[in-house]
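Using the sequences provided together with the hints, build the complete structure.
Line order of the protein sequences matches chains A and B.
Under the working numbering, the letters of the first sequence match residues 124 to 303, in that order.
Under the working numbering, the letters of the second sequence match residues 62 to 529, in that order.
No lab work stands behind these hints: they were computed from the structure.
Just so you know, these numbers come straight off a predicted model, no measurement behind them.
Any given hint could be a false lead.
Examples of chain B residues toward chain A, derived with CB under 7 Å [to be verified]:
1. L172
2. T175
3. R178
4. N179
5. V275
6. A279
7. A282
8. T287
9. L392
10. D446
11. A447
12. L450
13. F451
14. A456
15. A458
16. I488
Glycine included, C-beta positions come from ideal geometry on N, C-alpha and C.
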Amino acid sequence: MTEKTADAARGMRARLSARRIILVAMMMVVALFALLDAVRFFRRAWLLPEAGVSDRAGQIAAALSDGVKRAPEGSTILVLLLPGDYREIAYVVYHAPPSPDAPLKLSSPESQAPVPFEGRSLLFAWYDPSRPPEIAKMLASRNDQRPGSRLGGAVMVSWRLAPEGETAFALLYDAEGRVK
Amino acid sequence: MIAMAMAIISFFLWGRLLLRAARLRAEFFLRVPLMFGLGCFAVAWMLFVFLLGGGRLTQPIAFAVCATPFAAAIGEGFHRLFRGKGAPVFAPPRRRVNAVQVICLLFALCLAATVLRNSQQLPLAGDARQIWGYKAKIIYYESLYSEDFRSATQLHQHPNYPLLVPIIEAYCYALAGGVDDLRVKMLFPVFYICLLMALYAEARRHAGPVLAPVLAAAFAAFYPLTYNMRGLGEGSASSGYADVPLTFFYTTGAILLLRWLSARGGEGRTLFAGGAMLAAAAFTKNEGLPLAALACVAAIFVLLVRRVSRRELIPLLLMCAAVLAVLLPWLIWRAGLPVIDEDYPSRLTFEGIRYGLANHAGAILKYSVDRSTPLRTTGGFKPPDAWSLFWPALAAACSLYIVRCFRGNTAFITVLLGGHTLLYFVILLVVPPSAWDISNLLHFITHRLFMHFSGIALILFALLLSDS
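Written out as structure tokens, the structure reads:
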């Protein structure tokens with residue numbers, strides 16, 4: 124090996140080594156931020172109980188609220204409660220603009236009285252399980268969020284409404300029909 | 062709780078049985094995830110075939126599935142006791158541990174404990190309830206032939222989504238004798254832990270015993286795995302989504318294929334175990350099927366570049382055929398299921414792609430940058446975290462070692478990562494505008510899509526860190 128090629132090889136090794144140092148340095152920066160992320164994660168999970176595990180009703184209420192806020196402001200939201208084993212689900216179905224000929228049979232009298240909430244109007248109703256095909260129609264249109272569509276979307280908020288779910292809805296909707 | 066623990070242990074024992082039968086040897090940190098992954102897949106596949114035959118997932122059936130590997134393990138224990146033969150079930154790691162490994166292990170354990178704690182909440186995040194958990198309940202309460210799977214008038218959402226997660230959840234319900242949608246979420250942190258173990262095992266081969274634990278620990282804290290910006294932790298290991306299981310199966314499959322490629326003329330059993338994990342990925346989420354195909358294509362590409370003889374390609378082609386054969390019952394059954402709002406394959410046309418390039422490409426790039434770097438698309442920077450620093454670091458590493466990225470077996474991971482990114486880009490291009498507003502969709506899936514290939518991205522980083 125001539126002196127020139129030996130120098131070139133040494134230079135190559137040095138460059139390789141410098142590249143590796145850069146790589147390791149980048150990895151250590153990522154690891155350092157991972158440590159900070161983990162501290163935030165621990166704190167959030169263990170020290171802030173309201174952000175971590177909370178009671179079942181509270182979780183359902185939070186999810187319902189989350190679902191409601193996905194609807195555009197000014198829209199009418201139908202909170203549809205589905206009874207029965209695995210169909211114990213509530214859907215937040217919102218439609219903009221509100222349509223008098225919504226394809227759902229509202230079986231609950233209070234559903235006729237919209238309740239203002241976060242700039243939207245809520246209608247509560249128990250879904251009539253004798254009309255199952257409506258579920259398919261609702262789900263098929265779940266993602267249809269174009270303006271003017273009759274059923275804007277649906278967000279499922281709970282598996283089990285009864286008995287815990289009722290508590291959750293009471294958190295949002297009190298006996299006088301006001302939203303807390 | 063006891064039923065859940067029994068179910069999880071039964072997955073490990075089923076996997077152990079399969080590993081024994083295949084005489085596949087791997088180090089502790091890869092063997093444990095393989096046991097869990099193969100066990101989950103075996104149980105889900107057996108039960109799927111059983112359900113397909115018109116069976117109902119009752120408690121006696123679940124007990125029989127659970128008791129079989131326990132009986133085998135007890136029988137083997139007696140055999141070893143009286144005959145003193147056979148390899149130990151768990152060969153303890155013989156290597157000396159260093160301080161970095163201990164610190165990183167403690168760090169990962171703390172994270173895993175937190176993920177487990179967070180998982181013990183109701184499955185309130187969207188897909189966990191309305192897709193995976195919902196299917197599990199249909200399977201448990203009714204059968205695979207329930208109206209909810211087939212009737213056009215009574216569908217649940219996404220009837221054609223794969224059934225691995227719903228079936229193992231339904232298996233847990235059947236063992237417990239009732240639905241417990243809260244405890245069943247204990248399964249998902251196990252996938253998370255197994256993913257970390259597999260990544261550590263592979264990273265160690267390339268980056269060594271000091272850098273590998275740091276890499277794996279950093280991965281453990283990536284926010285899409287632990288939690289995310291949305292309060293319900295959608296997609297994370299505690300949410301009940303199938304994204305972490307998919308990432309686990311796909312990454313482990315890629316690791317095994319990489320090992321097979323690394324050992325020229327390597328053991329067929331490593332290759333076939335990799336195939337099983339890829340098949341499991343395809344049975345976990347719809348994305349898994351093209352990803353499994355992509356992994357096979359990437360492996361074939363590497364072999365062709367090496368100019369191997371046709372004979373050396375045969376095991377790989379046999380593995381592809383075996384994966385397809387295993388998935389065939391699912392694929393046939395899926396073909397008969399209605400598609401209600403997402404039909405991507407039919408939109409994969411020149412026109413569809415051209416429409417996507419004109420209308421979706423900008424939003425895809427915007428969200429990709431937003432979710433994988435500290436840059437805000439609206440301008441400025443957001444507070445950096447490990448996740449948003451990792452991707453620019455990987456891009457920089459690939460730029461520094463551009464030649465090495467395409468040399469030897471590293472090319473397999475590079476091609477896989479590149480192909481995976483391209484695949485997701487194309488799929489997002491053809492998202493039907495009638496089903497999704499693209500910005501709305503990207504808002505809550507971009508980090509999950511990145512998570513799917515984050516495991517192989519980490520392996521690529523480890524490969525580039527390698528001395529050789």
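Tested hints:
no., hint, result
1, L172, "6 Å, holds"
2, T175, "5 Å, holds"
3, R178, "6 Å, holds"
4, N179, "6 Å, holds"
5, V275, "5 Å, holds"
6, A279, "4 Å, holds"
7, A282, "4 Å, holds"
8, T287, "5 Å, holds"
9, L392, "24 Å, violated"
10, D446, "5 Å, holds"
11, A447, "4 Å, holds"
12, L450, "5 Å, holds"
13, F451, "5 Å, holds"
14, A456, "10 Å, violated"
15, A458, "5 Å, holds"
16, I488, "16 Å, violated"
Of the numbered hints listed earlier, those contradicted by the structure are 9, 14, 16.
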